[in-house]
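Participant: Which chain is which? The protein sequence lines are A and B, in order. Here the working numbering is used: position 121 in the first sequence is 121, and no number is missing along the way. Here the working numbering is used: position 1 in the second sequence is 1, and no number is missing along the way.
There could be a bad hint or two in this list.
[To be verified] The calculated BS3-like cross-link candidates involving lysine-lysine, where the alpha carbons are at most 30 Å apart (straight line), are:
no. : chain 1 : residue 1 : chain 2 : residue 2
1   : A       : 171       : A       : 183
2   : A       : 114       : A       : 138
3   : B       : 75        : A       : 58
4   : A       : 131       : A       : 153
5   : A       : 93        : B       : 37
6   : B       : 147       : A       : 93
7   : A       : 113       : A       : 81
8   : B       : 9         : B       : 37
9   : A       : 153       : A       : 181
10  : A       : 171       : A       : 160
11  : A       : 142       : A       : 153
12  : A       : 51        : B       : 75
13  : A       : 142       : A       : 165
14  : A       : 138       : A       : 113
15  : A       : 183       : A       : 196
16  : A       : 81        : B       : 37
17  : A       : 183       : A       : 200
18  : A       : 51        : B       : 9
[What the hints assert, rightly or not] To be clear about the criterion: a stretch of chain A counts as covered by chain B if any three or more of its residues have a C-beta under 8 Å from a C-beta of chain B, and this derived list gives those stretches:
no. : stretch
19  : 103 to 115
20  : 143 to 154
Since the hints were derived computationally from the structure, they do not count as laboratory data. No residue lacks a Cβ here, since even glycine has one placed at the ideal position from N, Cα and C.
Residues per chain are reported as follows:
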Amino acid sequence: MERHLQEQTAAESADSGGTGRAGGLPHVAGAQEARSDDRMTLLLRLRAQTKQQLLEYKSMVDAYEEKTPEQIIQENQIEAKVEDLENEIEEVKIALEMKNLALARMQLSTALKKNLEKNDTMNSVLMDNMKHILKLNKLVMKSQQESWELEEKLLDVRKKRLQLKQASERKLLEIQTEKNKQKEDLDNVENSDKIKAMQKNLQKEIQITTVIQHVFQNLILGSKANWAEDSALKETVLQLEKNLTMI
Amino acid sequence: MSVLRPLDKLPGLNTATVLLVGSEDALLQQLADSMLKEDCASELRVHLAKALPLPSNVNRPRIDLIVFVINLHSKYRPEKQGLCCLHCEVCPPLVCFLALAWPPSLQHVEESLHHVDASFFLGRVCFLGTGAGQEHHCSLHRNTVLKLAHTYRSPLFFCDLEVEDFQATMAQRLVRMLLICAGHVRGVSALNLLSLLRTSETPPPEEL
Numbered sequence: 001m002e003r004h005l006q007e008q009t010a011a012e013s014a015d016s017g018g019t020g021r022a023g024g025l026p027h028v029a030g031a032q033e034a035r036s037d038d039r040m041t042l043l044l045r046l047r048a049q050t051k052q053q054l055l056e057y058k059s060m061v062d063a064y065e066e067k068t069p070e071q072i073i074q075e076n077q078i079e080a081k082v083e084d085l086e087n088e089i090e091e092v093k094i095a096l097e098m099k100n101l102a103l104a105r106m107q108l109s110t111a112l113k114k115n116l117e118k119n120d121t122m123n124s125v126l127m128d129n130m131k132h133i134l135k136l137n138k139l140v141m142k143s144q145q146e147s148w149e150l151e152e153k154l155l156d157v158r159k160k161r162l163q164l165k166q167a168s169e170r171k172l173l174e175i176q177t178e179k180n181k182q183k184e185d186l187d188n189v190e191n192s193d194k195i196k197a198m199q200k201n202l203q204k205e206i207q208i209t210t211v212i213q214h215v216f217q218n219l220i221l222g223s224k225a226n227w228a229e230d231s232a233l234k235e236t237v238l239q240l241e242k243n244l245t246m247i
Numbered sequence: 001m002s003v004l005r006p007l008d009k010l011p012g013l014n015t016a017t018v019l020l021v022g023s024e025d026a027l028l029q030q031l032a033d034s035m036l037k038e039d040c041a042s043e044l045r046v047h048l049a050k051a052l053p054l055p056s057n058v059n060r061p062r063i064d065l066i067v068f069v070i071n072l073h074s075k076y077r078p079e080k081q082g083l084c085c086l087h088c089e090v091c092p093p094l095v096c097f098l099a100l101a102w103p104p105s106l107q108h109v110e111e112s113l114h115h116v117d118a119s120f121f122l123g124r125v126c127f128l129g130t131g132a133g134q135e136h137h138c139s140l141h142r143n144t145v146l147k148l149a150h151t152y153r154s155p156l157f158f159c160d161l162e163v164e165d166f167q168a169t170m171a172q173r174l175v176r177m178l179l180i181c182a183g184h185v186r187g188v189s190a191l192n193l194l195s196l197l198r199t200s201e202t203p204p205p206e207e208l
C-alpha cells in the first residue's frame, strides 16, 4: 500500500564527488575554490534551514503549552472560533508588516541623514531632487486646497437649491390647504341648518305677504271703487301679476 | 502509528518529504516523477499511498506535506460494492447503499483524513482535484471538493494531471509548497503560507 521513490541528489554533493582529484594545475585550483564556495553556500543554506526549522519547533512547543479547552463546542461555534483565530493571524501579520515598513522608513531616513552629513551640503543631485520634491508637494497642496474650496462652493449652492425647493414645496402646500379650507367652508355654509331655517322663514313671509296682497286687492275690487283712476290703487291691484318671489 | 503527526521526528538534513495520497496509482506516479524532475537545491523524497493509515513497521522520515489527490472523474464501482455485500450479509442493505453514495476517490480521502492529526492542517495539508477540465466526465461536483477543503481550512488546487504542461506547473507549485513546509525557506512558515493562500470567504456563485 505504500511505496517510496528515491530522491534527486543535490548538485553540490555531485560536484564534490566529481572533483576529488588533487593536482597543481590552475584549473583544478580554480575548481577547488569553486568547490569551497559551493561548500560555503551549502553551509549557509543549511544554517538558514536549521534556523527556520528550529523556529518552527519552538513555536509548536509554545502552542502546545497553551491549554486547549476540552469541552465539546457546538458546530457553529467552532466555525466562529476558527474564523476569529484566522482573523487574529491576519491582524498579527498586518501589524508585523506595518512595523517592518516603519523600521525600513527609519533606516532609510538615518541613512539619508548620514549621507547628507558625509557629503557636501551643496551636493547637487540630492538637493535638486529634494527641492523638486518640495516644489511638487507645494503645488499638490495648493491644487488640493483649491479643489476643496470649489467643492465647498458647489456644496453651498446645492444646499441653497435644496432649501429653495423645500420652501416652494411648503408654499404650495399652504396654498393647497387654503383652497381646501375655502371649499369646505363654502360647503358648510350651504349645508348649514341656520340657512335652511332662514330659507323656510323667508318662504313663510313671502306666502303671508302674498295672502295680504290678495286680501287688499279683493278689498279694493269688492269696494266697487274706480281703481283705474287712482295710481296707488292701480298699482296695488296690478301687483297680482308680479311674482313675489322675484322681488 | 495510526495517526500522522507533523514535526514528530527530527528533520533530515536538507531533505523534504511529501506524501501523496490518492486512489489512482498512475496519476500519483506521474505527479511524483514530475516533482522529482524539478530543479531544486534540497533533496526531495516522495511517498505514495492509496489510503492512510500507513503501516507502522517502515522507518520513514518525517512527513512535511500531505497532498490528497481527488479524481473528479472517478466512477462508482458497483461490482466491488457487490463483493462487499456478499462478504457481510449480516449488514443491512442501507450500509451498502451509503457506501455507494460517494465515488471511491473521495471516500478514500475522507477515510484517510481521520488518520491525520489536527495540527497537520495548519498549512501542511493540501487538496488537489484533478480532471475538472472535462465537465461531462465529472461524477463529482466541484462544490463538494470545495466544501471539503473549506471544512479543513486547507488550500485546494484544481489541475488536469493528464495534461503534461499542467502537470509540470502543478509539480512546480507543490515543490515550492513542500520547501516552505519543510522549513527550507527563510522567513516563510507553513502557517504563513496558509494564510496567504486563503481565498475569500464568500461562497462560489451557483452555476446556472
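Participant: Hinted pair, alpha-carbon criterion (30 Å max): residue 183 of chain A, residue 196 of chain A. Please report holds or violated.
Facilitator: holds (19 Å)
Participant: Regarding the pair residue 113 of chain A and residue 81 of chain A, is the alpha-carbon distance no greater than 30 Å?
Facilitator: Violated - the C-alpha atoms of residue 81 of chain A and residue 113 of chain A are around 48 Å apart, more than 30 Å.
Participant: Under a C-beta cut-off of less than 8 Å, do 3 or more residues of the stretch 143 to 154 of chain A approach chain B closely enough to confirm the stated coverage?
Facilitator: violated (count 0)
Participant: Within the stretch 103 to 115 of chain A, is the number of residues with a Cβ closer than 8 Å to a Cβ of chain B three or more?
Facilitator: violated (count 0)
Participant: Taking only the CA atoms, is the gap from residue 183 of chain A to residue 200 of chain A under or equal to 30 Å?
Facilitator: holds (25 Å)
Participant: Verify the proposed pairing of residue 9 of chain B with residue 37 of chain B, using a straight-line Cα cut of 30 Å.
Facilitator: Holds: residue 9 of chain B and residue 37 of chain B sit about 27 Å apart, inside 30 Å.
Participant: For the pair supplied as a hint, residue 51 of chain A and residue 75 of chain B, confirm whether the alpha-carbon distance does not exceed 30 Å.
Facilitator: Violated: residue 51 of chain A and residue 75 of chain B sit about 47 Å apart, past 30 Å.
Participant: Has the given pair, residue 171 of chain A with residue 183 of chain A, been kept, meaning a C-alpha gap of at most 30 Å?
Facilitator: Roughly 19 Å separates the two Cα atoms, so the pair holds.
Participant: Is the hinted pair residue 171 of chain A and residue 160 of chain A satisfied, with a Cα-Cα distance of at most 30 Å?
Facilitator: Answer holds: residue 171 of chain A to residue 160 of chain A is near 17 Å, not above 30 Å.
Participant: Checking one constraint from the list: CA of residue 75 of chain B to CA of residue 58 of chain A, max 30 Å. Satisfied?
Facilitator: Given pair residue 75 of chain B, residue 58 of chain A is violated - Cα atoms ~45 Å apart, limit 30 Å.
Participant: Assess, step by step, whether the Cα of residue 114 of chain A is no farther than 30 Å from the Cα of residue 138 of chain A, and give holds or violated.
Facilitator: Roughly 26 Å separates the two Cα atoms, so the pair holds.
Participant: Does residue 153 of chain A pair with residue 181 of chain A here, judged by a C-alpha cut-off of 30 Å?
Facilitator: Violated, because 42 Å separates the two Cα atoms, which is more than 30 Å.
The structure does not agree with the numbered hints 3, 4, 5, 7, 9, 12, 13, 16, 19, 20 stated previously, though it agrees with the rest.
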